[in-house]
Amino acid sequence: MISIAANHRLPVTRCRTFPMLRKSLAKSLGFALTAMLCLPLAACGGWQSALNAHGPEAERLAKLFWFFTAVCGVVWLLVILALGWALFRGTRRTSAPNDPVLVDPDQERRSAVAVWGLTAASVVVLVVFTLVSFFASRGLNAASANTLNIEVTGYQWWWQVRYLDPNPSLTFTTANEIHVPVGRPVKVRLVAADVIHSFWVPNLAGKLDLIPGQTNELTFAANRPGVYRGQCAEFCGLQHAFMGLRVIAEPEQDFGAWRARQIQPARQSDDDLVRSGERVFLNNGCILCHTIRGTTAGGRAGPDLTHIGSRSAIAADTLPNTLGYMAGWIADPQSIKPGNYMPSVPLDGGDLNALVHYLEALK
Amino acid sequence: MTAMDHADYPQDTNLDDAELSRRLTRLWASPKGLIGFFSTTDHKVVGRRYIVTAFVFLVLAGLNAVVMRLQLAQPDNDLVGPKLYNELFTVHGTTMMFLFAVPVMEAVAVYLVPLMVGTRNIAFPRLNAFSYWLYVAGGAMLWIAFLVGAAPDKGWFSYAPLSETQYSPGKGVDIWAQMITFTEVSALAVSVEIICTVFKQRAPGMSLDRIPIFVWAMLATSFMVLFALPAIMLASTGLILDRLVNTHFFDTLGGDALLWQHLFWFFGHPEVYLVFLPATGMVSAIIAPFARRPIFGYLAIVLSIIGNAVLSFGLWVHHMFATGLPELGASFFTASSMVIGITSGIQIFCWIATLWGGRPVFKTPLLFVLGFIVIFVIGGLSGLMIASVPLDTQVHDTYFIVAHFHYVLIGGGVFPLLGAIYYWFPKITGRMMSETIGRWHFWLAFIGMNLAFFPMHLLGLWGMPRRVYSYPADMGWGTTNLIVTIGAAIFAVSFLVFFWNALVSLRSGRLAGPNPWGAGTLEWAMSSPPPPYNFLRQPFVTSREPLWTEPGVLPVAEGLRVDRRELILSSVVDGDPIQIESSPEPSIWPFLAAIATTVFFIGSIFTPWAVVWGTPPIAVTLIGWFWPKGSKEEVD
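Chain order of the listed sequences is L and Y.
Sequence positions in the first sequence follow numbering that gives the first Met the number 0 and run 0 to 362.
Sequence positions in the second sequence follow numbering that gives the first Met the number 0 and run 0 to 635.
So that you can see chain L by itself, here it is in the shape it has in the complex (with noise of 0.2 Å):
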């Protein structure tokens, strides 16, 4: 649309208007030096950003990416004054006879000793960049007695996640939002329910793809308290974009007192609407894929909803989770995340107004 306003007014003021797009064509290319320049400090704030580790993984990756980027830096800048320099040189030499055979041949021996060296010194480069990144990854990915066991499986396009433990009471299900306490090493299983996914929580580590057939293992670790953002990173369909997931991280207490409560069945509640919403939820369909543990709700094809009312996101984190957008996603989830399988489900107001408050009860 700008560009059309600015077609309407160029045959008129053309003389004046074209130092002006100069310099506006000017100022923002230095505003977007200045942006590339400043980005990168602005996004340590980012909360799903390799650059802002908060784990020791990341943080060792972030570490080898500085290195790399300095290393690189430097090669790159020599690169550009030799070649500057060398045409520098050349553009100064006209006294030379203008035939192109002739060649120097004192200078051409000086040339192949620095094509020698330079290329000695890039394998020295090479040679250390191998070892550098071989010994980084061996430090990756180390557990430990006390670490937290965790399977995490893509589905189009959603996460499934459960918490595993020895004693099978103590296992359960949710979905897109995985709570860890600080400082333990969480080992996630990997698995894929129908096609490639990728599971990258930035700040925490590095990706490792969920493949059919196959069981990957990852481990990673919470340095501090926070919330995490994660994305699929595997092309895997029309929602890839939008199936994101969440890692909080939090004190070691909290944790065990949120695990204490997913192990729970879903409360039942006295309120009418909520009980009303309960039947809404039972005799729609819903059921068919979603669970609700403690009720008859047992489809699988769906994410877990026993305490969908305690997760901060709805919609593998695209929505957040209030009344409000719950209501917009059962409604019309097809033109909010178009091509997803969750079919809309026709209610009236009345029935959705139940529907939401039922599952925003599921604490």
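Hint data in this document are derived by calculation from the structure and do not stem from the laboratory.
What you are looking at is a predicted structure, and each value in this text was computed from that prediction instead of being measured.
Take these hints with a grain of salt, some might be off.
Claimed, not checked - Derived, one-sided and incomplete: chain Y residues facing chain L with beta-carbon distance under 8 Å: (1) H5; (2) P9; (3) A290; (4) R358; (5) T392.
We put the beta carbon where it would ideally sit given N, CA and C, even for glycine.
Use these hints to put chain Y onto chain L, whose structure you have.
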């Protein structure tokens, strides 16, 4: 048959230049009329069509990119939905790789290699025509499918099991896979032609150490095609079979999803070098005349090219570092990926040394070469970062990768190509391109490219994955994406400037003459554009830059007939003339064979029976194509 018999026919030996030119023109000219249009076997005509068609696909795929950039310019944008966005990036990547980048390099080679090695036509010229028509048909199929809404939408990599019928109903993926078959056949054909042309049709005296570096690069590229494409052929055929007749190559019912990735990247990584190697050849070809001296380190550069060609087959796993492969195995591929940095580095050092010892002339082709070095080195260095297994787990499948490979492919492929167009445009059209517009073009392209792709590195590090049709506002990627889109717009405008320059220059550019840049290789020996027969008399080569060492008149060999198309065949190593062979006449059969093959390929998307009823027409056209002529074709 003996040499005596051959001597009984009219030969070029005793004819004066004007008479010889008249006779050769009649002999080698492409036939006229509509049938003639589809029958031509002149490598220059086919090469020109190839180049123009490839640029048409560049424009189309570029428009895909423009729409994608508009969509991503701000968060939560709804200019296009997920379905269309996925189609856009699939068709963009597929077109750029399969229908532009690799074919355009082959196209330039089809035009130039015969001229550079001093022969009158490419080897197997009918196969060449066939390959072009197949390429057009494959590209047209993909784009018609896109325009009617049946496009593939699973990426240019079509990872299984996402590309299997269960998750990709419809015909989109089949069209993608079959489009690969088209370009595969066409690329294999061109590779065979180039290898034979370079090995057997070089001008007498052009021993292996006198081949222009661009020709070396194309030779290495052609061998790579022979080894890389069978892997993707296996993969795409397996995928089609999975989808058409329920085999289980790549699904989870007995197949293996990772097998697809291994096969795809065993082809896919060398594919990048199928673009980069010819481009380095172009750079070497341009640097020498514009530095006004022979290339520094000819042998080192040739060995680096061959080294790159071989090594590029040992890197494919670095596309799969996030799949959970064993650590030591993955680390091996870190090492092999690093090694290719050495062979690429040597070439860059040699180019700088060439400029160092030369007297650079700052014309547009050289500007693009310099731009290439600046941009490509960034791409090469970020390539070292993603060769590192641990580092790659953070940046893999993010915009960092998008930035990296556009730096490599635009910096290392498109910039040299544009330089090459400015450099060889006068040869192909007879007219110079405008220097002034050329400079505008260069600076717009250089600024636009960097503004579009450099910030993407940051986006990737800040967590933005690839192939997302939108992103939430609170991710903080909005401003940077807007900058990227502005850069992309500038880059797109630079192409408008380029095409404008090409069109204007084609009509009214300054006349070029045979050798406007004062270059040393054989393609500058004849008038511009070259006559249908290329060389009036067969040149005899005594050095790497014949036009520099023999200014004035080149020594020539004689004894070719002027009543039928004849070439000199020479020995592989020394380029000694050993035989005279006839070169095929124009024929409509390759075109008909291409149509029959197209019907077969497209039919088999819809029914396995097309494999049965599609074969006889191909057989008929091939019989027509190879119908014997009744006279002996070669003379010792």
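Do the hints match the structure? See the list:
no., hint, verdict
1, H5, "violated (37 Å)"
2, P9, "violated (38 Å)"
3, A290, "holds (7 Å)"
4, R358, "holds (5 Å)"
5, T392, "holds (3 Å)"
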